[in-house]
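Starting from the given sequences, assemble the full structure and let the hints guide the process.
Residue numbers (my numbering), protein chains in the order written: chain A, 122 to 555; chain B, 7 to 477; chain C, 63 to 204.
Calculated directly from the structure, the hints in this document are not laboratory data. Take these hints with a grain of salt, some might be off.
Below, in silico cross-link-like pairs of lysine-lysine (BS3-like), each with a Cα-Cα straight-line distance of 30 Å or less [to be verified]:
no. : chain 1 : residue 1 : chain 2 : residue 2
1   : A       : K530      : B       : K452
2   : B       : K210      : A       : K155
3   : B       : K210      : A       : K467
4   : A       : K290      : B       : K434
5   : A       : K530      : C       : K150
6   : A       : K520      : B       : K240
7   : A       : K293      : B       : K444
8   : A       : K290      : B       : K452
9   : A       : K513      : B       : K444
10  : A       : K520      : B       : K210
11  : A       : K326      : B       : K108
12  : B       : K444      : A       : K506
13  : B       : K437      : A       : K506
14  : C       : K81       : B       : K437
15  : A       : K520      : B       : K241
16  : B       : K438      : A       : K315
17  : B       : K434      : A       : K513
18  : B       : K147      : A       : K227
19  : B       : K315      : B       : K63
Treat the numbers as computed from the prediction; the structure is a model and nothing was measured.
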Amino acid sequence: MSNYFNPEFETLSRAEIEALQLERLQTTIRQCLKNEFYRKKFDELGITPDDIKTLADVRKLPFTTKQDLRDTYPFGMSCVPLRDCVRLHSSSGTTGNPTVILHTQKDLDEWANQVARNLWMVGLRPDDVFQNSSGYGMFTGGLGFQYGAERLGMLTVPAAAGNSLRQIKFIKDFGTTCIHAVPSYVTRLYEVMKEEGVDPRRDTKLKVLAIGAEPHSEEQRQRIEQMMGVKAYNSFGMSEMCGPGVGFECPEQNGLHFWEDYYIVEIVDPETLEPVPDGEIGELVLTTLCREAMPLLRYRTRDLTRVLGRTCACGRNHIRLDRMRGRSDDMMVLRGVNIFPIQIEKILMQFSELASNYLITLTTDEENDNMTVEVELAQPTDDYKQLQTLEKEIRRRLKDEILLTPIVKLVAKGTLPVSEGKAVRVVDRRKVYQ
Amino acid sequence: MIRRYSFGNKLKEFGDFVLLLCRIYLFTTQNHTKNYMIWNPNKECMSRDEMSALQGKRLHKIVEYVYHNVPFYRNKLQELDIRPDDIQTIEDINKLPFTTKKDLRDNYPFGLQAAPQSQIIRIHASSGTTGNPTIVGYTRKDVGVWSECMARCLTAYGVTRDDIFSVAYGYGLFTGGLGAHYGVEHIGASVIPAGTGNTEKHLKLIRDLGITGLACTPSYALYLAETMDKLGIKKEDIRLRVGAFGAEPWTENMRKEIEERLGLKGYNIYGLSEVMGPSVSYECQMQHGSHICEDHFYPEIINPVTLEKLPAGQTGELVFTTLTKEGMPVLRYRTRDLCSLLPGTCDCGRTSVRMGRIEGRSDDMLIIRGINVFPSQVESVVLSMPEFAPRYMLVVDRVNNLDTLQVQVEIRQEYFTGVFDTPAAVDKLEKKLAAKLKSVLSIAAKVQLKAPNTIERSQGKSAHVIDKRKL
Amino acid sequence: MSIHQLSIFIENRSGTLIKVLDVLKEANIQIIASTIADTAEYGIYRLICSEPMRACEELMKAGVAVAPSEVFAIEIDDQPGRAAEAVKTFSEAGISIAYMYSFLLHGKGILIFRTDNTELARKIIVDSGLRVLCDEDLSKIN
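Here you go:
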């Protein structure tokens with residue numbers, strides 16, 4: 122069997138990639154202009170599709186931001202009639218307008234193809250057993266990998282997130298060879314394996330891990346590889362592009378290949394929005410090249426990274442980017458879930474029992490990433506049961522909003538540091554961006 | 007009104023022409039209810055003779071297939087001295103052995119799988135009766151057949167590609183989520199994979215996106231209605247018009263209440279993962295029984311004690327034989343669901359046989375939030391932990407339309423040591439049991455620790471269960 | 063240098079506490095101090111009594127979930143600030159107090175507590191010369 126899932130696209134030369142990109146960019150622009158939002162943007166900038174003659178002309182195009190997606194909620198970014206859409210994903214939370222991403226059948230097919238291509242790249246074949254320990258539903262990690270692994274033809278176990286004892290049982294009973302999960306969950310699984318006396322090397326058939334959807338350091342990856350005794354490959358995705366599948370490491374593990382037949386990759390200075398030279402850190406900007414329902418031009422991902430190279434020993438000449446190095450906004454990524462501090466604030470402020478001072482702390486405790494929300498009580502109380510109930514209710518409401526259950530600590534008024542000027546609401550003590 | 011013809015190439019053009027006429031008719035009459043759409047009239051409207059012939063042919067094939075590919079069935083058939091060639095017509099099904107949940111358990115995980123592993127692309131799991139779940143593998147063709155059945159079901163509800171359909175069943179190993187999901191995509195409607203939980207956000211999307219269809223358990227539909235009241239959302243603010251409700255028993259009164267409060271029409275959907283998943287049968291516009299996709303799943307009703315076959319109209323245990331399944335076909339699988347097959351034909355134009363409402367179970371299985379729970383599963387967990395006495399009680403209730411499960415266990419006196427001088431230590435033990443229960447039950451149970459000898463010793467079948475729900 | 067406390071699991075249900083107290087009454091055991099750490103569903107009833115080991119046996123016979131554990135009982139003068147001094151001795155050594163309750167006995171204050179580091183606490187008590195009670199001190203109360 123070939124080393125490539127789509128040899129005709131994966132092994133293109135740089136010149137061929139760029140020619141294909143230009144062709145697809147022009148098609149994408151025509152698609153975008155079916156939509157009021159982009160028509161207006163083009164008018165404002167005084168450009169027409171004819172102005173895009175070379176790939177470098179991409180810089181003439183307008184940027185698109187998450188705020189644009191919110192402002193046009195729910196269907197303002199759609200370039201096809203709704204009846205041609207077959208799927209919708211939406212960001213978490215009820216704070217403000219969520220973002221809505223639409224897909225046609227072709228979009229889904231292309232998405233599944235990207236994921237299948239990635240999994241094939243790291244050596245998975247139809248005989249493999251793929252256990253997807255990622256959240257399903259609106260979170261794209263579940264359905265994205267499900268469709269991709271099925272496309273490749275693997276036996277796919279939609280185990281979904283959590284319930285570690287059952288995950289381990291399935292890994293053993295089904296002879297699972299690949300798990301996809303967020304890195305912090307892999308370490309959690311390993312801990313439970315240890316408690317249960319399961320040795321991943323001896324008792325499982327694991328051979329590959331796909332980890333992603335939350336930032337992690339090279340050291341963390343190596344630790345995971347040592348624990349589980351298999352290679353762990355970094356996966357990058359975001360729902361605005363489709364979901365997982367956008368970028369993935371090859372067996373060389375020297376950066377993430379971003380599929381340039383699907384995206385134009387730019388790295389810009391988040392302040393000046395000017396391109397930065399290869400090797401320098403900047404904000405990742407992506408233009409979709411194959412999407413029908415909701416193509417995006419120069420979407421500002423807010424993720425910080427840098428270009429590592431444009432060729433690779435694996436034979437793929439698709440651009441290689443470094444693992445994500447941080448964010449250019451205040452979004453936190455915890456266990457694969459994107460969280461903005463404002464979401465937490467809004468929930469806390471709904472409780473009359475609470476004062477307005479709060480602090481979010483992110484920590485790595487024994488390999489687990491945790492969020493602790495400390496919040497001051499408005500009134501002192503000695504009723505332990507009432508405090509317990511209040512704490513539980515805050516936890517539940519926060520879970521509804523951010524999909525994770527943080528540790529909630531109720532503290533007496535005046536306990537938390539009062540900052541002068543802009544309040545410090547988030548302390549990130551994890552070792553992820555080092 | 008017929009939506010799609012597919013009988014042979016020659017007639018295809020004619021079919022397209024009819025389709026065009028239908029569209030014109032619909033357009034001119036402004037009839038947006040589209041009452042009589044049928045996804046696959048070829049199969050759904052077959053004459054009885056044709057259906058029986060097709061079923062007989064498929065039954066022969068499936069028996070031959072399992073005979074050669076599943077040692078379990080080969081042994082069973084050989085014991086009964088049956089060769090595949092003995093099965094020629096659908097009536098010959100009476101010669102075949104039954105399959106039970108215990109057979110699935112004994113052959114865990116892949117013992118009943120007929121297709122080679124490389125052909126299996128999906129696994130689902132449902133509750134087993136002990137610690138091991140029931141595992142079902144699907145080939146690509148199986149997933150296709152399933153989508154087809156779901157498409158028939160949704161079309162019977164009047165769903166078209168113009169609909170925006172939210173799937174609020176659980177996603178993952180449970181068949182409800184992905185099953186409905188693939189069907190909605192198959193007919194070309196927009197699917198919203200809402201999943202369970204996060205009700206407020208779900209409601210926001212229902213309102214803001216103008217969602218028209220909803221698949222969930224009937225109790226969750228009522229919970230949505232309740233949350234709407236709480237948030238001040240009126241049924242005039244939303245555009246829901248079709249609901250696909252199933253995975254748990256519900257009554258005509260619940261249907262009325264859901265329809266009234268959400269402003270939609272609610273249809274029953276039935277399925278079980280051992281056979282396929284949701285859409286084994288579905289209601290049509292007549293809402294008089296659920297049509298079974300009997301070209302794929304052959305139904306029988308038997309007396310659960312004597313195993314004798316019962317005639318149409320009589321209530322007994324529902325038994326299914328999968329006629330086309332490749333991954334894990336089952337012969338005469340005893341569902342333990344009690345219902346009847348309705349005699350006569352339906353005014354909707356479908357000729358496929360209908361089943362009545364599920365009237366009960368012939369075992370002690372509970373359905374909690376759409377998930378099957380066997381008391382014996384709880385038992386297997388309690389027995390595996392020496393900290394607890396071998397006594398337990400499941401207390402099931404419905405609070406604000408959400409099912410709750412409480413598991414009461416007794417802490418064993420000799421395990422109550424000095425470390426339990428703080429609630430934190432007791433909580434830890436509670437959590438350990440809760441995690442084990444969740445790994446086996448797939449749903450969260452609230453553990454309540456009891457003092458020694460406070461749970462009544464069990465006598466008889468339902469002594470381990472207190473079901474406070476009034477269904 | 064420590065005393066035995068009984069920890070008893072009781073459900074939050076009427077009648078559960080009286081069952082425990084009745085057993086002690088029947089066995090003629092005197093309760094010296096007690097406290098309940100309660101949660102929404104159950105409580106841990108902590109008890110200091112005249113004959114802890116016999117009480118424990120009797121309760122077990124009656125089918126109660128009970129277990130003895132060792133706690134420290136420090137005697138202090140019944141004056142403002144003495145409790146603070148005693149606790150400070152431990153906190154300065156980096157020892158956390160898991161729980162504490164107190165009562166008066168023959169005009170002296172008694173602090174009952176458990177720490178997260180029993181060995182170190184023992185050493186601190188010896189070094190600081192704090193006066194601690196043992197089981198015999200309590201059995202001689204009558």
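>> Would the hint linking K210/B and K467/A be met if the CA-CA limit is 30 Å?
In response: It holds: about 16 Å lies between the C-alpha atoms, which stays within 30 Å.
>> Checking one constraint from the list: CA of K81/C to CA of K437/B, max 30 Å. Satisfied?
In response: holds, 28 Å
> Taking only the CA atoms, is the gap from K530/A to K452/B under or equal to 30 Å?
Replying inline: OK: K530/A and K452/B at ~22 Å, within 30 Å.
> Can the restraint linking K438/B and K315/A be considered satisfied, given a maximum Cα separation of 30 Å?
Replying inline: holds, 15 Å
> Is it true that the CA of K315/B sits at most 30 Å from the CA of K63/B?
Replying inline: holds, 21 Å
> Is the hinted pair K326/A and K108/B satisfied, with a Cα-Cα distance of at most 30 Å?
Replying inline: holds, 28 Å
> Given the proposed pairing of K147/B with K227/A, does the C-alpha separation stay at or below 30 Å?
Replying inline: holds, 20 Å
> Does the alpha-carbon distance linking K530/A and K150/C stay inside the 30 Å limit?
Replying inline: Roughly 25 Å separates the two Cα atoms, so the pair holds.
> Under the criterion that the straight-line Cα-Cα distance not exceed 30 Å, is the pair K290/A, K452/B satisfied?
Replying inline: Satisfied, since the Cα-Cα distance of roughly 22 Å is no more than 30 Å.
> If you draw a straight line from the CA of K290/A to the CA of K434/B, is it 30 Å or shorter?
Replying inline: Holds. K290/A to K434/B sits at ~22 Å (cutoff 30 Å).
>> Tell me if the straight-line CA distance from K434/B to K513/A falls inside 30 Å.
In response: holds, 16 Å
>> Please verify whether K520/A and K240/B have alpha carbons no more than 30 Å apart.
In response: holds, 26 Å
The earlier numbered hints are all upheld by this structure, with none contradicted.
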